[in-house]
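Construct the entire structure; sequences and hints are all you get.
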Amino acid sequence: MAGFFVFRYGELQIAWFTLLGVVPLLASYRKRVGHILVSQPLPAVVLGGAVVMLVTSIITLDDPLPDRWQVLAALLNLVLLATFFAIPTLAIARRKFRLSRMLKTVVVVAAAATFLSFIVHYGIRQAVFPIERFKNVLVYADGLNPVLTGLSCGFAGVLSLGLARRAETKTGFWVWWGTSVILLAGVFYSASRSAMIATVAGTLVMVLTGPKYKRWLLAAPLILVAMLYGTGLVGASTGPLGPMVDLVKRGDSGRMAIYSAISKRMVEPAHVFLGHGLWAPEALPPEEAGSLAFHAHSMYASTFYHSGLLGAVWLFAVLGLGLERAWSVWWRSGDAVWLALLAFGMVGLMCDGTMPFRVMTITRIEPVLILFPLAVSSAMATTLERNRRREEYRQTPPVAVSSLVDEAVPIPVRIRVDRKG
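Start counting the sequence shown at 0; every next residue gets the next number (numbering that gives the first Met the number 0).
FYI, nobody ran anything at the bench for these hints, they're computed from the structure.
Note that the coordinates shown come from a computational prediction; the quantities given were computed from them, not determined experimentally.
Wrong hints could be hidden among the right ones.
What the hints assert, rightly or not - Result set (DSBU-like, lysine-lysine): computed pairs, CA atoms no more than 30 Å apart in a straight line: (1) K248 / K263; (2) K213 / K103; (3) K103 / K211; (4) K213 / K169; (5) K169 / K211; (6) K103 / K169.
Claimed, not checked - If you anchor each label on the Cβ, the simulated ranges turn out as follows: (7) R387 / K103: 22 to 30 Å; (8) R124 / K103: 26 to 34 Å; (9) S38 / G319: 17 to 25 Å.
All C-beta atoms, glycine included, are put in the ideal place defined by N, C-alpha and C.
What follows is the structure, given as structure tokens:
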């Protein structure tokens, strides 16, 4: 997961994920992967829907036809999706501290990349803020760099707040609290409005579900960074309130034109119900949809364009089930970080991003914002429910049922419980 914050090329990220995820999974747990995926409702719905989308795309193929590499990439995506859901389940079931180590690694790498980018961008390159927005110098070269930088920093910032909230020591709390300040600074200085709104949504979930004595401390990083950014007191060349004025002047950045152009292509009944297929290009003519029209700039619009109403219903079903899983984790364990991260992803990709159930897309941010919280919340909810059933079973006295009496009669029986329950 940390590779999404440091690797510049998508092919390198796929190779990294395959080497550390797919290969060990198939080598050690290939016999359990199928059981893991069908025993949880969420991965079954995601993978089943992905297969249906692949079949409908083949049925409704239009010119130009996809080449064999595009078809192989779609099949590889199914393998990577299965890996995304299987690894968190194994990490939680085998040793819980592995998941904690994974989360801390993601936050530390994201914070280090953000801090280094601040030094390079505003120090060495001497970029002028807010004219030149903050960029992750390790990953994105040009184009949507500030937007994707803001979304990735916001995700890691909310995750850092979650680590601070459940830290067992004061030192641990303040370490993760300070890390969240660095990451949220990356959000606001990227000037990505989607990332800002999503960060507010994720932080709000963390604050409202947290203990009362920690609520102001959890909200403080967002308030502090927002004040420094909005007032222009730190680094702004346009004077007080200059960054806020810049946010308003940018308008919708051509997104309404993109959504209008997409709606005009959804005319035929087959396109409305099944979409244009997975391999249909999202790029629109610049004269029709502006300079940002190289993809749909919305997870929801992209899903509707490629898979129609069928895909839209599938997407909302997955997100609804994911919210239920994340809510169950919070309700049973008090861990609200997955609810906050899922809220962040759903809000952040409302006006940015593309199809959420592709591991590698043009934006490369969807696996972090959507797939990761879905996979972990599903695994945690299933594990918590299984543990609850085991406890209820252990606390229930054994019952002997006889054909000679009308009702069950409790009898004393000795039970030996092994390590696996």
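Honestly, which of those hints from before does the structure not fit?
none
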